[in-house]
Amino acid sequence: MKTDNTHAILSVRHLTATAYVLQMTRRGLGFRAGQHLLLGKSGSIHNREYSVYSGEKEDFFEVLIKEVDDGLVSKQLKKLQPGDHVQIEGPLGFFTIDKDFIENGKFLFVATGSGIAPFHSFTRSYPELNYTLLHGVRKVAEAYEKDHYPKSSHILCTSAEASGDFHGRVTDYLRSHPVSADTHCYLCGNFNMIHEAFDILEQQGVPADQVHAEVYF
Amino acid sequence: MKKIAFKTLGCRLNQYETDALASRFHSGSYEIVDFNESADIYVVNTCTVTNQSDQKSRQTINQAKRLNENAMVVVTGCMANNYKESLLESKAIDFVVDNERKTSIFSLVEKHFRGEVADPEGFDHDVFSYEAAYKTFHTRSMIKIQDGCDNFCTFCIIPKVRGRAISRPAKEILNNIREVIDYGFKEVVLTGVNIGRYQDEEVNFELLVEQILNLPGDFRLRISSIEPDGFSDRFFELFAHPKLTPHLHLCLQSGAESILLKMRRMYTAKQFRQMGEKLKALYPDFNLTTDIIVGFPGETQEEFDQTVQLANELQFSHIHTFKYSVRTGTRAERMPDQLSEKQKNQRSEVVRQISDHNKRAYYNRMIGKHQRMLIERIGSDGVARGYGENYIPIRLKAKNVTRNTFVDVVLSHLHEGKELEVCAVLASDHINA
Ligand SMILES: Cc1cc2nc3c(=O)[nH]c(=O)nc-3n(C[C@H](O)[C@H](O)[C@H](O)COP(=O)(O)OP(=O)(O)OC[C@H]3O[C@@H](n4cnc5c(N)ncnc54)[C@H](O)[C@@H]3O)c2cc1C
Ligand SMILES: NC(=O)c1ccc[n+]([C@@H]2O[C@H](COP(=O)([O-])OP(=O)(O)OC[C@H]3O[C@@H](n4cnc5c(N)ncnc54)[C@H](OP(=O)(O)O)[C@@H]3O)[C@@H](O)[C@H]2O)c1
Chain B
1 MKTDNTHAIL SVRHLTATAY VLQMTRRGLG FRAGQHLLLG KSGSIHNREY SVYSGEKEDF
61 FEVLIKEVDD GLVSKQLKKL QPGDHVQIEG PLGFFTIDKD FIENGKFLFV ATGSGIAPFH
121 SFTRSYPELN YTLLHGVRKV AEAYEKDHYP KSSHILCTSA EASGDFHGRV TDYLRSHPVS
181 ADTHCYLCGN FNMIHEAFDI LEQQGVPADQ VHAEVYF
Chain C
1 MKKIAFKTLG CRLNQYETDA LASRFHSGSY EIVDFNESAD IYVVNTCTVT NQSDQKSRQT
61 INQAKRLNEN AMVVVTGCMA NNYKESLLES KAIDFVVDNE RKTSIFSLVE KHFRGEVADP
121 EGFDHDVFSY EAAYKTFHTR SMIKIQDGCD NFCTFCIIPK VRGRAISRPA KEILNNIREV
181 IDYGFKEVVL TGVNIGRYQD EEVNFELLVE QILNLPGDFR LRISSIEPDG FSDRFFELFA
241 HPKLTPHLHL CLQSGAESIL LKMRRMYTAK QFRQMGEKLK ALYPDFNLTT DIIVGFPGET
301 QEEFDQTVQL ANELQFSHIH TFKYSVRTGT RAERMPDQLS EKQKNQRSEV VRQISDHNKR
361 AYYNRMIGKH QRMLIERIGS DGVARGYGEN YIPIRLKAKN VTRNTFVDVV LSHLHEGKEL
421 EVCAVLASDH INA
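Quick mapping for you: the protein sequence lines, in order, are chains B and C. For what it's worth, the working numbering labels the leading residue of the first sequence as 1, then goes sequentially. For what it's worth, the working numbering labels the leading residue of the second sequence as 1, then goes sequentially.
By construction, these hints were calculated from the structure, which means they are not laboratory data. In this text, a Cβ means the ideal position worked out from N, Cα and C, and glycines have one as well. Some clues are possibly wrong.
As a list, the in silico BS3-like pairs of lysine-lysine whose alpha-carbon atoms are at most 25 Å apart [said to hold, decoys possible]: (1) LYS7/C / LYS111/C; (2) LYS56/C / LYS91/C; (3) LYS41/B / LYS84/C; (4) LYS75/B / LYS160/C; (5) LYS369/C / LYS270/C; (6) LYS160/C / LYS41/B; (7) LYS106/B / LYS270/C.
What follows is a set of in silico ranges between Cβ atoms, one per label pair, in the way DEER data are often shown [what the hints assert, rightly or not]: (8) ALA181/B / ASP126/C: 47 to 55 Å; (9) SER11/B / PHE236/C: 47 to 55 Å; (10) GLN59/C / PHE191/B: 36 to 44 Å; (11) LYS91/C / GLU56/B: 46 to 54 Å; (12) ASP233/C / PRO178/B: 24 to 32 Å; (13) GLU341/C / PHE191/B: 49 to 57 Å.
Only chain B is shown next, with the shape it has when bound in the complex:
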């Protein structure tokens, strides 16, 4: 058996009934926070992209996966147990932070659902980052591992209940809380949010080359 891209599952952390974190061996693979892996069950021809959730300095890989109703791979991976194997291609992608800005840059991270994954990786990799994270979910229960983020940097936008920091979508929050034009903006998650957020940020004067997008679906 070809083993060179095979990684063992170390643990599975279930965050909600549908969202889980897979922890896998890293086997010395380098990556930059914000990049993703092509991940599939060992021996399967199907794989999908998953952003690395863990930090650059951790000696394992983690991914945060939301099980999709009629999905194929997100369901297959959910059944994995410690000791099972996955195949990894990558790391890939350009949704990364320019090293020159890490120390002094001002960042806005906007996520919907599992789109929070690369931001978890950013903030684990570069603890000194000056950022605000808007996380859009339906309910508070979907605020995946929110204790990792300082309270002052994390704004939970809940669309289906009023118990978050803001009742409404991340785009509603953005409209009512304009950002300054020097902000580096990173958008991740569903296509519609990203499309709308692009327009809002443009109207607020953020130059296009400071807006980065990672469309999940």
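Start from chain B and add chain C with the ligands according to the hints.
The following block gives chain C with the ligands in isolation, referenced to the frame of chain B:
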């Protein structure tokens, strides 16, 4: 002497790789014959970027066996990677060689004719060990600087069949270019899958181009096809260099922000527009050409209209139109709202007409202007053909001109033939007239 014939489908990179292979066979004492002739060996360098390219590749493979049923048929290229198993089952094919081992085809064929067991899988992966192509089918010398792509656009199969992005060492590239210039080539064209992402340690694409431009010799450099992401101001300034031709094939794919996002392209339509406008402002005669995909899943009429608008605004003088076709294993395969063939045909026709119109307008605008024409061939009618620096196809009726030399010409009028061309007169005659 054994006869070998080559057929290339698809992109410039494939052409380069065929040229290099042909050159290797030529110096190894094989006779290179036309693909329509009977040969002992046929090499089909396939493409799999759309359904249509799959079909053409299959037809070409079958054609080879029909031309000489005893011939050895070698299939390589992107289809060989994408459909290896089914190709291996075909009776029309003797060997299937993947992209990573394409350079080994000479050794494979030699082995076979020595009566040894020849197994394509037995050769090492090596995507850069092509020799400089002297015996090429072209006057321009293509130079491979990079292979593979990590962009993973949602419609695209290339990352699967060409693998991860990998850059050829800058030193090797510069040596290779020195060699072809010494050999007498006058035009160098950079090729690869995603050349803008070139990175060899500290040398990025812009630096590489600069280093090439600083090489001595009477040659010019063409960048050709590139993805519009991550250009610095330096990139635009490079075109002020007299050796860099004022032409780019900058792949747009769609003029709608929403579609570009769904395609996971790395730029917005607005940024693309700014790049095009900047090039035209800095270099008013700049020739901008592009690729457009029509009928991406879910593309609405409004989104298509945005593409049309941008194509009209930026006046691409040529648009390579692709009708979107589903590629197995890509994200777009799983997207809803796939368009009908009829809709794709209609949209493709609209873009084709814009392309024709823009081409004519651009060529007309260039009438009366000087071009440095590289003579590529001289017909029996005494008409020399070639391209100017702006990549305009030129016809020149003049005595005492030689193939593979530069001549200064003035564009005089359009020539309506199978393809639209521009007639020219020698600049010296123009002054005398
Ligand atoms: C660069 C990149 C990084 C990604 N990172 C992550 C990540 O960190 N965590 C993660 O959970 N997912 C991530 N995704 C999405 C992931 O790749 C899969 O698309 C997702 O797990 C669904 O795959 P599936 O095989 O289960 O569903 P499929 O069988 O592929 O069916 C997917 C269908 O479900 C719809 N859908 C509904 N909700 C979602 C959703 N949340 N994500 C994707 N499709 C959805 C799609 O529109 C599509 O029609 C990422 C996608 C990309 C492009
Ligand atoms: N978890 C659920 O209860 C639930 C319910 C229905 C469907 N689903 C399906 O489950 C899949 C994955 O859901 P998910 O929760 O991971 O991700 P998701 O669909 O992206 O939803 C996450 C959050 O993004 C918001 N959102 C959606 N469109 C937006 C836009 N244009 N601008 C700003 N915010 C927007 C949602 O608000 P809204 O609530 O206002 O849409 C929600 O708060 C999807 O296919 C979804 O349709 C889940």
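To see whether the hints hold, each was checked on the structure:
no. : hint                            : verdict
1   : LYS7/C / LYS111/C               : holds (22 Å)
2   : LYS56/C / LYS91/C               : holds (18 Å)
3   : LYS41/B / LYS84/C               : holds (23 Å)
4   : LYS75/B / LYS160/C              : holds (24 Å)
5   : LYS369/C / LYS270/C             : violated (31 Å)
6   : LYS160/C / LYS41/B              : holds (18 Å)
7   : LYS106/B / LYS270/C             : holds (24 Å)
8   : ALA181/B / ASP126/C: 47 to 55 Å : holds (48 Å)
9   : SER11/B / PHE236/C: 47 to 55 Å  : holds (50 Å)
10  : GLN59/C / PHE191/B: 36 to 44 Å  : holds (38 Å)
11  : LYS91/C / GLU56/B: 46 to 54 Å   : holds (52 Å)
12  : ASP233/C / PRO178/B: 24 to 32 Å : holds (29 Å)
13  : GLU341/C / PHE191/B: 49 to 57 Å : violated (25 Å)
Checked against the numbered hints above, the structure violates hints 5 and 13; every other hint is satisfied.
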